[in-house]
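One line per chain: the protein sequences are A and B, in this order.
Under my numbering, the first residue of the first sequence carries the number 1, and numbering increases by one thereafter.
Under my numbering, the first residue of the second sequence carries the number 210, and numbering increases by one thereafter.
The set of hints was computed from the structure by calculation and includes no laboratory data.
Nothing here was measured: the structure is a model prediction, and the numbers come from that model.
Take the hints with a grain of salt, since some may be wrong.
Listed next, with one range per pair, are the computed distances between beta-carbon atoms [what the hints assert, rightly or not]: (1) B/A324 - A/S39: 25 to 33 Å; (2) A/S190 - B/E346: 34 to 42 Å; (3) B/P303 - A/F52: 41 to 49 Å; (4) A/A208 - B/A304: 53 to 61 Å; (5) B/A250 - A/R147: 55 to 63 Å; (6) B/Q325 - A/F52: 35 to 43 Å; (7) A/S190 - B/E328: 27 to 35 Å; (8) B/P303 - A/A208: 48 to 56 Å; (9) B/K341 - A/T62: 55 to 63 Å; (10) A/S190 - B/K341: 45 to 53 Å.
The calculated EDC-like cross-link candidates involving lysine to aspartate or glutamate, where the alpha carbons are at most 20 Å apart (straight line), are [stated by the list, open to error]: (11) A/K161 - B/D290; (12) A/K72 - A/E197; (13) B/K355 - A/E98; (14) A/K204 - A/D108; (15) B/K327 - A/D180.
Facing chain B, according to a computed beta carbon distance under 10 Å, are these residues of chain A, among others [as the list claims (entries may be wrong)]: (16) T173; (17) S192; (18) I196.
A virtual CB, placed ideally from N, CA and C, is assigned to each residue, including glycine.
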Amino acid sequence: MNQRNSNDRVSHPASRRAFVLSATTLALGLLAGCSLGSSVSFNGTDITGADFGRDFRLKDPTGQERTLADFKDKVVLVFFGFTQCPDVCPTALARAAEVKTLLGPDGDRLQVLFVSVDPERDTPEVLNAYTAAFDPTFLALYGDQERLAETAKEFKVIYQKVPTGDSYTIDHTAVTYAFDTKGKLRLKLSHSQSAIEYAADVRKLLHAA
Amino acid sequence: MNHFIRTVAAAAMLAAVAGSAHAQAQANVSVKDAWVRATVAQQKATGAFMQLQAAKDSKFVSASSPLTPTVEVHEMAMQGDVMRMRQVQSVDLPAGKTVELKPGGYHIMMMNLKAQVKEGDTVPFTLVFEGKDGKREQVEIQAPVKALNNAAKPAHAGH
Numbered sequence: 001m002n003q004r005n006s007n008d009r010v011s012h013p014a015s016r017r018a019f020v021l022s023a024t025t026l027a028l029g030l031l032a033g034c035s036l037g038s039s040v041s042f043n044g045t046d047i048t049g050a051d052f053g054r055d056f057r058l059k060d061p062t063g064q065e066r067t068l069a070d071f072k073d074k075v076v077l078v079f080f081g082f083t084q085c086p087d088v089c090p091t092a093l094a095r096a097a098e099v100k101t102l103l104g105p106d107g108d109r110l111q112v113l114f115v116s117v118d119p120e121r122d123t124p125e126v127l128n129a130y131t132a133a134f135d136p137t138f139l140a141l142y143g144d145q146e147r148l149a150e151t152a153k154e155f156k157v158i159y160q161k162v163p164t165g166d167s168y169t170i171d172h173t174a175v176t177y178a179f180d181t182k183g184k185l186r187l188k189l190s191h192s193q194s195a196i197e198y199a200a201d202v203r204k205l206l207h208a209a
Numbered sequence: 210m211n212h213f214i215r216t217v218a219a220a221a222m223l224a225a226v227a228g229s230a231h232a233q234a235q236a237n238v239s240v241k242d243a244w245v246r247a248t249v250a251q252q253k254a255t256g257a258f259m260q261l262q263a264a265k266d267s268k269f270v271s272a273s274s275p276l277t278p279t280v281e282v283h284e285m286a287m288q289g290d291v292m293r294m295r296q297v298q299s300v301d302l303p304a305g306k307t308v309e310l311k312p313g314g315y316h317i318m319m320m321n322l323k324a325q326v327k328e329g330d331t332v333p334f335t336l337v338f339e340g341k342d343g344k345r346e347q348v349e350i351q352a353p354v355k356a357l358n359n360a361a362k363p364a365h366a367g368h
């Protein structure tokens, strides 16, 4: 396997040159980015201009209907999950709380949204207590099954009930979406990335003009 | 009086701790750093995490707790961007190797909880292990409850 790879490289000097060239271009681009603010690189996947995740219309635990416009001038992190999830959801929200701390004073310009994929069990009371346990400014959002299905589709999020014992758990997409201060979807961050990586991206979104 | 009760209680606790430590010293499997994630009111499920180490090749086959009849061993796995969680029949414990039940991997899933699990509480568990000879062993543990927002810091090897 290794040998074949090295043969490939030897037999394609042109592509190697191209790689070196593009790496150099990238490095120059990064340097230019520092002075001009024109090209920014992120830890998350840059999905600027995506034709999905444009907006939502969901309720907060007080029953008020919310859309992205309500969080204008803030960077918004959106995660889909459910409160009976013992692992990925509390980890994601604990990380989001750490991101807010890492941002220092900029943390006030971060809004974390937790969209429930389990409206059957996630009552407004549970949702409110749950997000508050991580940070009092974090907001849970929910809709009925139909609205949830529409929202998940718009955000390319998968969720699926899985029966276990006499109960059920839910498999779901565990990415975090980041919106810029103008309400445009910019990044998809992975569950394996750290709070430091998230915070660096949020800071860039906050400070990009 | 109050002081006396506290002293007696402390002595009883010490005895209990010493007792369980003794039991574990003889046992094939040792359990370390067990904890349960706290819940908020009306939240019906949570997870327990710990480190297991067996002297001889064994399997972790089940767990039970007086808190709820629904206790399962689950494995969480990321398939691309999608988190999937499944009950597993057992977790292999190769001799001498520390196997972690931690966020991002295995956990003990507690469902249908009747009451809130609060930070500072202690949750008793009976863990069942099976050796290669099919012989089963039970280990009783007391797992402290940690805050819901306890960050899942990667556990240090050998810690």
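Legend entry - Hint check against the structure, violated hint numbers in rising order: Violated: hints 1, 5, 10, 12, 15 and 18.
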